[in-house]
Every structure is written in structure tokens, then in C-alpha cells.
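Protein chains in written order, with the working numbering: chain A, 1 to 96; chain B, 1001 to 1513; chain C, 2001 to 2337.
What the hints contain is simulated information worked out from the structure, not anything from laboratory work.
Where is the CB? At the ideal position from N, CA and C, for every residue including glycine.
Check the hints yourself; a few may be wrong.
Restraint-style ranges between C-beta atoms, simulated for each label pair [what the hints assert, rightly or not]:
{"#": "1", "chain 1": "B", "residue 1": "Gly1014", "chain 2": "C", "residue 2": "Arg2238", "range": "34 to 40 Å"}
{"#": "2", "chain 1": "C", "residue 1": "Pro2277", "chain 2": "B", "residue 2": "Gly1492", "range": "54 to 60 Å"}
{"#": "3", "chain 1": "B", "residue 1": "Glu1426", "chain 2": "C", "residue 2": "Glu2278", "range": "48 to 54 Å"}
{"#": "4", "chain 1": "B", "residue 1": "Pro1058", "chain 2": "C", "residue 2": "Pro2194", "range": "37 to 43 Å"}
{"#": "5", "chain 1": "B", "residue 1": "Glu1305", "chain 2": "C", "residue 2": "Glu2278", "range": "57 to 63 Å"}
{"#": "6", "chain 1": "C", "residue 1": "Asn2015", "chain 2": "B", "residue 2": "Pro1398", "range": "31 to 37 Å"}
{"#": "7", "chain 1": "B", "residue 1": "Pro1058", "chain 2": "A", "residue 2": "Asn16", "range": "21 to 27 Å"}
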Amino acid sequence: MNTPSIKPVFIAFVTNDDTRNIVAAICEDNPQATVEEFPAMVKIESPGRLIVKRQSVSDLMGRDWDLQEIHLNLISLSGSINETEDEFELYWGKAA
Amino acid sequence: MSAVPKNTGNKKLGLKEKYGMMTRGLGWDTTYQAMDDVFPYDQFEGIKIHDWDKWEDPFRLTMDAYWKFQGEKEKKLYAIIDAFAQNNGQFNVTDARYINTLKLFLTGISPLEYAAHRGYAHLGRSFRGASARIATQMQAIDELRHAQTQVHTISHYNKFFNGLHDFRHMHDRVWYLSVPKSYFEDAQSAGPFEFITAISFSFEYVLTNLLFMPFMSGAAYNGDMATVTFGFSAQSDESRHMTLGLEVVKFMLEQDPGNKEIVQKWIDKWFWRGYRLLALVAMMMDYMLPKRVMSWQEAWETYFEKNGGALFEDLSRYGIRMPKYHEVASKEKNRLSHEVWATFYNYSHAAAFHTWVPEESELKWLSEKYPDTFDKHYRPRFEHWDALQKEGKRWSNPGLPMLCQLCQVPTIFTEPDDPTTTCLRETTYHGMKYHFCSDGCKDIFENEPEKYVQSWLPVHQIFQGNCGGEGLDNVMKYYNIVPGQDNGEYMGSQDQMNWEQWTGRNHKDAPAT
Amino acid sequence: MQVDIKTSNIKQLRNTFSHVARRLGADKPASRYQEATLDMQSDTNFHYRPIWDPQYDLYDTARTAIKMVDWYSFKDPRQYYYGVYTMNRAKQQDAAEKQFEFAEKRGVFFNLSEKEKEHLIFAVLPLRHYEWGANMNNCFCTSFGYGAAITQATMYNTMDRLGLAQYVSRLGLLLDGNTGDSLEVGKQHWMHTPEWQELRRSMENLFVTKDWFEVFLAQNLVMDGLVYPMFYKHLETRLNPMAGQTFSMCTNFMQEWFTETQRWVDSTIKTAVDETPENKEILSRWFDIWMVETTRALQPLMTALFAEEAASTFTQIKEELLVRAKKIGLRTPGAPA
Chain A
1 MNTPSIKPVF
11 IAFVTNDDTR
21 NIVAAICEDN
31 PQATVEEFPA
41 MVKIESPGRL
51 IVKRQSVSDL
61 MGRDWDLQEI
71 HLNLISLSGS
81 INETEDEFEL
91 YWGKAA
Chain B
1001 MSAVPKNTGN
1011 KKLGLKEKYG
1021 MMTRGLGWDT
1031 TYQAMDDVFP
1041 YDQFEGIKIH
1051 DWDKWEDPFR
1061 LTMDAYWKFQ
1071 GEKEKKLYAI
1081 IDAFAQNNGQ
1091 FNVTDARYIN
1101 TLKLFLTGIS
1111 PLEYAAHRGY
1121 AHLGRSFRGA
1131 SARIATQMQA
1141 IDELRHAQTQ
1151 VHTISHYNKF
1161 FNGLHDFRHM
1171 HDRVWYLSVP
1181 KSYFEDAQSA
1191 GPFEFITAIS
1201 FSFEYVLTNL
1211 LFMPFMSGAA
1221 YNGDMATVTF
1231 GFSAQSDESR
1241 HMTLGLEVVK
1251 FMLEQDPGNK
1261 EIVQKWIDKW
1271 FWRGYRLLAL
1281 VAMMMDYMLP
1291 KRVMSWQEAW
1301 ETYFEKNGGA
1311 LFEDLSRYGI
1321 RMPKYHEVAS
1331 KEKNRLSHEV
1341 WATFYNYSHA
1351 AAFHTWVPEE
1361 SELKWLSEKY
1371 PDTFDKHYRP
1381 RFEHWDALQK
1391 EGKRWSNPGL
1401 PMLCQLCQVP
1411 TIFTEPDDPT
1421 TTCLRETTYH
1431 GMKYHFCSDG
1441 CKDIFENEPE
1451 KYVQSWLPVH
1461 QIFQGNCGGE
1471 GLDNVMKYYN
1481 IVPGQDNGEY
1491 MGSQDQMNWE
1501 QWTGRNHKDA
1511 PAT
Chain C
2001 MQVDIKTSNI
2011 KQLRNTFSHV
2021 ARRLGADKPA
2031 SRYQEATLDM
2041 QSDTNFHYRP
2051 IWDPQYDLYD
2061 TARTAIKMVD
2071 WYSFKDPRQY
2081 YYGVYTMNRA
2091 KQQDAAEKQF
2101 EFAEKRGVFF
2111 NLSEKEKEHL
2121 IFAVLPLRHY
2131 EWGANMNNCF
2141 CTSFGYGAAI
2151 TQATMYNTMD
2161 RLGLAQYVSR
2171 LGLLLDGNTG
2181 DSLEVGKQHW
2191 MHTPEWQELR
2201 RSMENLFVTK
2211 DWFEVFLAQN
2221 LVMDGLVYPM
2231 FYKHLETRLN
2241 PMAGQTFSMC
2251 TNFMQEWFTE
2261 TQRWVDSTIK
2271 TAVDETPENK
2281 EILSRWFDIW
2291 MVETTRALQP
2301 LMTALFAEEA
2311 ASTFTQIKEE
2321 LLVRAKKIGL
2331 RTPGAPA
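Please build the complete structure, drawing on both the sequences and the hints.
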């Protein structure tokens, strides 16, 4: 049985109106995430795993948000990726 | 507005399945011509792929989605570039010393973006797996984007500052620019699996943050909003590229146990070559940014020792270890930038960007960031050169440095355990002696000597008369470096005097950073 | 951070980059296309020969029989650099998206009879593999071509072909109600059905052709020059009106793309033809060879899809291409040298 890694994964966005909501959604869905602000950039770190949920972002934005819109504001990330229509997941270690 | 069509039929297709149909399903095994003839380049390296269908597509971008999102990014980016030009945004940077980082970037890095475009296009035709070809083709066009947006962004600076005007010509000829040129050509001349390990993994995953974060944060801290915008816009493409790097290494390691040894060798080689290339970035971070973001040492600790550590821990389950000589890089972290800047200070007359002695406040910052080495080994040099400069005898080294046969950086680094001794290594091959800056470079050479004996070493070439002829004047002409404009000391340069005239600012009058 | 500009006398030092100015003949303001394209590829002092093909340099004019004094004589009449290219395609994909949404809502394709569906799948779905082959061929040009002018445009063409293949795939999903079954059948046709084999054979022959300019001409001028009119102009008349209309609507992207791309292909080949009589001779010879090859390859499909009108339709298609070729300056078969 694989114990999930606790080494941090991160995702970083340009700071703007849209990403404010994405960051808020991530914090809701990832209680252990921490947010760091830089000039024009915001970085969210989380131990071992980080999940972005389409529904959570849509609820906060007040419109139907397409997960692939993440590309418009993404700056950098770390970890392996698992992408579906509804969720975007970063993780270290074997897939859950 | 997803590219993936809604379901109206009986069967519900998931994103992964639909995407598979849009991509890997397009290819076929040829029968009228042998597959090995159609794909002649993807087997000679010894990497064994048993099932290309096991390739995981992490980002499932169909072309229509690509066009849509990239088109939107371009619209935003060019609106900002236009506004920057209209508002003369270049006057908002801290001071004109900052522009020298852009000179280094445009002459050294932007041509590599173009080379990456062609390199990935080669992969886009060479791998027999359809999904792999699509991923590398998308990267190929992304890299073309980067090359062009960089040229377009910096084009406005070229109108007002020197050293930027002939970046393509200089990249192919100037002595320090053979460091990035040879780095990338090493990858392009290698096989497709080595190329993708070298660039997608080692460069764009392991080391990328050490290139982009310093330049882009440096731009942000120093008021260069155009470069920041370009940087962030490019970085969103980079996320896709980084992902490719990690996926491809895992893919190779999972396809055949025999691949591990080959991949590890490439990881070792390309870590070291990439690290030596980053020596230029180290210098940029610690010496060329009027407003500094963090020290090279801090960047190395964050982005390699911490982040890279996590990565290699993840890969250890495949039997991959940390790259060879990573501990040398850690040992060098409190010396690298100083040794390199000192070198460029020496040869400023022959470079297409300016150098200078840091201000006292800046020397103080360096002392604080490097408590074990700066005051002991490097501050005395700068104070000595400053004194000479005040006497009107600005130091200029009349000789030419010996270059490392492999990385082509001048052999100015010091022994890993002894900062007072220059590190030199040599080897003999077919009766000829070759010189290196380090064990790392020597190892790489000895592994593929036939390749590296071909190097077009700029200093050797000058001595052979292939760079315009005898004497510095002729070499400068060959380089298209305009003496008195592009080169030399910053104080008193056209850049510096124009800056003062245009903005009324002189960094020597400014308060401490 | 407000800047207090002390003097309004700020004079630009120069208009553009030196290498661009050299080509323009003077330091004049340059277009974005020019700055993005001119001299972007390295052309000297290469460090290592490719270990995978050491007879050549990394970028080597010897990879083609075509000779040019200046490989930047090639100009893209569309002046596509990445920004313009993607923004253009973004607009086009938006329109295509609406067309597909409309077609899906109306269900015209989904509600065709089984026989009609089978016919459409046979006639059209294998084209996704044709496009994939064209993607490979243009990628080959981008990899081995010389100079940023041509290779930039072939890069866009490469990605276009992927997009086109994906649009054809979506036609299939309209037909099979998103099961993907039509794509499987289409692939079977491409791999096994006799009428498609000669085209697949030609495509695979192109995969092993070594001169990248020959590949360029064969794929982008000859093959596309026959295939596109055949399927995206004339085929509609052979389908039942409802299906034909929907097909035409959903392939509007293809039709527009072909018209646009022709301009660039013709301009490129014309530039090479005009350079020297030797180039003209080589290009004309290639044109002859691939015309014969592709004509032969398309005959079974013409018969299957156009029946009694096959000969006359193909004559029309071929004549139009020959007129085009003549305009470009190629020596066309039967015409005096």
C-alpha cells in the first residue's frame, strides 16, 4: 500500500479577478493549502496533493467555468497531473 | 465552450476517451512502407518502447481549444506590448543597468526558443507514437511563440538602448553566447529521446524555475512590466511543457527496465550542462538587477535543493537518483555569481552588454547574502577595481580566456572544496589535449568524445583567424558589436548618459535598494 | 511608479534590429511579421553534427535539390506570425463550434438512415487519417526545412492538419451519436477497404521521401489540390440534400482553410520556380510525378463516390489544378517547356 507523499505540490497563477476566485475555490477544497503572494503572481502550495474543482470555481465566479480555462492564467506548477472534465489534480507518488 | 462535444447518443464518453479518439486514434501502422523507414530515428538510442499507447496525455487540449486559449492570451499580451510602447514604459524601470539583463536574455535565450521550436518539430515527426508527436508538435509551436513574443517585447527596448540590435548575428558568433548555443545544439544533435530528456525534463522541469523566476521576478521588481507580461504569458505554456517533461521520463522508465540506465546517464549529463549554462543567470540575479529579488544561493536552495529534492524523491521508486555532481553545484552556490561577474567585468570591452562595480549598498547586500565567501574572496577584487576606475584606469583584461571544451564557459570556476584555486581538468583524446572547467564537463566529454571535439570554441576560432582576423577591432567587427556603444563600462556609456538625460535619474544618487 | 521625464527631447536610437535593417536596405520601422521571421534560424558555426544524420549540418541547404540565394525570399502572403495565426484560427474555430452545435441540435446526421451513414463514413471519415499524414509531412518540412520563413508557415500548417483531422473526427461523432464507432469504421476503411488503399499507399510513399521541398510540393500543392476540391467542393452534390447541406456547413472550416492556404502554397512554389531554371525544372518534374501518382490513387474513390460523373468531375478538378500550376510557373504536362 502506498503512503501518499507529503512533499508539497504547488500551482501559481497571474493575479487578477478570475484567479481570485480560483484561488478561493482551491483553499476551500484543500484545507491544508497555503497561499503566497508575489508581484503580479499568487502561489498555492499543498502537501502531497492539490485539487481544483470546476464546480467550486463556477459557484464562486457565478458562471459556468470550463476547467480548461485554467490555461489562461496558469504560470507554473509542480507534481503529476490528473485532468478530467470536472477536476484538475496535482500529486506526488502513484495516482490515487 | 469546451472543445469536447456534448453527448446526444447512447454511450457517454469520458474526456480521456474522447481525447484519445482525437489524437492517438489518428495514427496507423504503415504497411506499404516499413514503419522503421517511416520512423528512422527513434530506436538507435537504445530506448525500448513496447507500447506507445501507454503514453498519458496530461493536458487534453484539442487544436480548437489550443487556438482559442492561445489566441486569447496573444490578444492580451499584444495589447500590453502596444501600451508599453505607446507610454514609453521603458522609462519606468529602476535604472538602465537593468536593461543589460535583457541584452543577455535576447542574445542568449531567445535564439534558444527558436532552436527549441525546430528541435521539437523534429521530435514531432520522429517518435512513432502519435500522442507523443502531438505533444511535441504543440510544444514546437509554443516555442515559436516564445521566440517571437520575446523579440516583439524587447523590440521596443532596442529602439532606445544598445547591445540588442544584432542579437541573431551575435548569438552565432560571440564568445560567451556559444555557451547557450552549444548547449542547445548539443540537444538538437542528439537523438529524440535524449533531446526530450535534456530539454523537457532536465531543463523545463528540473531547472526551469532557475531561469524564468529570476528573469521574470527581476523584471517585476525593476519595473519592466512588458517582460513580466510576456514572462507570465509564456509560463502558462511552460506548465504544459513541464508536465510533458515529467511524463516522458516516467513513460520511458515504465516501458522497459533497461531504459533506466540510459535515462540516468542523460539526467546526469543534462543536469550538469544546464547548471553550467545557469552560471549566466546566477550573475544576472546577484549583480545585474538594480533591485534584487533573491540571491542565487537562495534560488538554488529553493528551486533545486527543495523542489528538485521532492522531484527526485518521487522518481526514486524507479531507481533514479539525484544527478551526479549535484553536490558540487551546492558547494558552488555561494561563489558562482561572483566568479562569473568578475570574469565579465574583465572582458567587458568584448561583450555586448555593460558591466560595473556594484554600489556600496549593493556590496553590502552581497555581504549579507553570502556571509561565508563574499567579504573574504570577492569584495576585495571589486574594491580594487573601483579604486582603479576612480583613477581613470578602468581594468580591462587584454588576453583571451581559455574555454571549457564542453560547456564553453571560460575556465574560471574554483575547486569545489577550495575557493582559492582555479578548477581545471584535462584529458587526452587521439593525441590532443582538451581542457575542462570541472569533473562534470570532463565526464561528459569522455563519454562522447567524437561529438565534443567538434566544438566551435570562440577563443580558439579567434586565434585561428576565423573571426575577422587579428586584433580586437577585427573581432568586434566580426561580432557586429559596436565599440563605444554596445560594450564596456556602464558608467559613461551611451545607455547611462541617455538614461540620465531622459529620466533625470542616476543610480549613483539613488538611496539603497 | 510615476516618472518625471526631465526633457521631452527623447530621440529613438534606431527603428529596428540590425539584421532586419540589412534586409530592408535601411533602418526603417519593421512589421511584426518581419521582426518575428527574418534571420531567426541559425545559419553558421554549428557545434556538432547530428548523430542521427551526420552527413548534414543541423540546418542544411543540402537537404533539398532546390537552390536559393536567399531562403528569406519566401514571404507568406498572409504574414502569419504566431499572434496573427492563433487569433485568426480562434475566430474560425468559434464559427465552426457554432456550426457543429447547430448540426448536433438538429440531429441531421444522427437521423440519417443506416445506409446513408455508412456511405458518409466510408466517404469522409478516412480523411482524418489523410489529414494526419499531411500533419506528418508538414512536420517533416518544419524539421528539415531551411530558413524561418518557410518553416514557420509549415509549422502552422502542421497544427492546422491536426485541427482538421479533429474536425473530421467530430463529423464522425455527429454521425454515431458520440459513441466513436464511426471512427473505428473509418479507420478500417483507411487500412483495408480497396478504394482507399491507393491513397494510403501514396501517403506512405511520401512519408519516406527525403527531399523536404518535394514533400512540400507533393502534399500541399498536388495532393491537397486534388483531394480538397474532390471532397469539400464536389462531394456535396453526390449526397442527399439534407446531408449535403449539413456536411457543407460543418466543413466550412475546411473550405475556408483551403482557399487561404492555397495563396501561401502557390506563392512559396512560385518564388522557388522564379529563382532559377534548374529549380523550375526540378519542381515541374516533381509536379508531374505526383500528379500521375495522386491521380492514379484517387481513381477508385472517384468511381465509388461519383459513379457516372467520376471522369468528368475529375477532369474538372485536374484542369483547375493545372491552371493553378501554370500560373505558378510550373511546366505543366503537355505544355511547352
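Q.
Quick check on a hinted range of 34 to 40 Å for Gly1014 of chain B and Arg2238 of chain C, using CB atoms only.
A. holds (36 Å)
Q: Using the beta carbons of Pro2277 of chain C and Gly1492 of chain B, state whether their distance is inside 54 to 60 Å or not.
A: holds (57 Å)
Q) In this structure, is the beta-carbon distance linking Glu1305 of chain B and Glu2278 of chain C contained in 57 to 63 Å? A) Holds, since Glu1305 of chain B and Glu2278 of chain C (Cβ atoms, about 60 Å apart) stay within the stated range.
Q: May I ask you to test the hint 21 to 27 Å on the CB atoms belonging to Pro1058 of chain B and Asn16 of chain A?
A: Given range 21 to 27 Å: holds, Cβ gap about 25 Å.
Q: Look at the Cβ atoms of Pro1058 of chain B and Pro2194 of chain C and judge whether their distance stays inside 37 to 43 Å.
A: holds (40 Å)
Q. Cβ-Cβ distance between Glu1426 of chain B and Glu2278 of chain C: within 48 to 54 Å?
A. The hint (48 to 54 Å, Cβ to Cβ) holds, given that Glu1426 of chain B and Glu2278 of chain C are roughly 50 Å apart.
Q: State, for the Cβ atoms of Asn2015 of chain C and Pro1398 of chain B, whether the hinted interval 31 to 37 Å holds or is violated.
A: holds (36 Å)
Taken one by one, the earlier hints all hold for this structure without exception.
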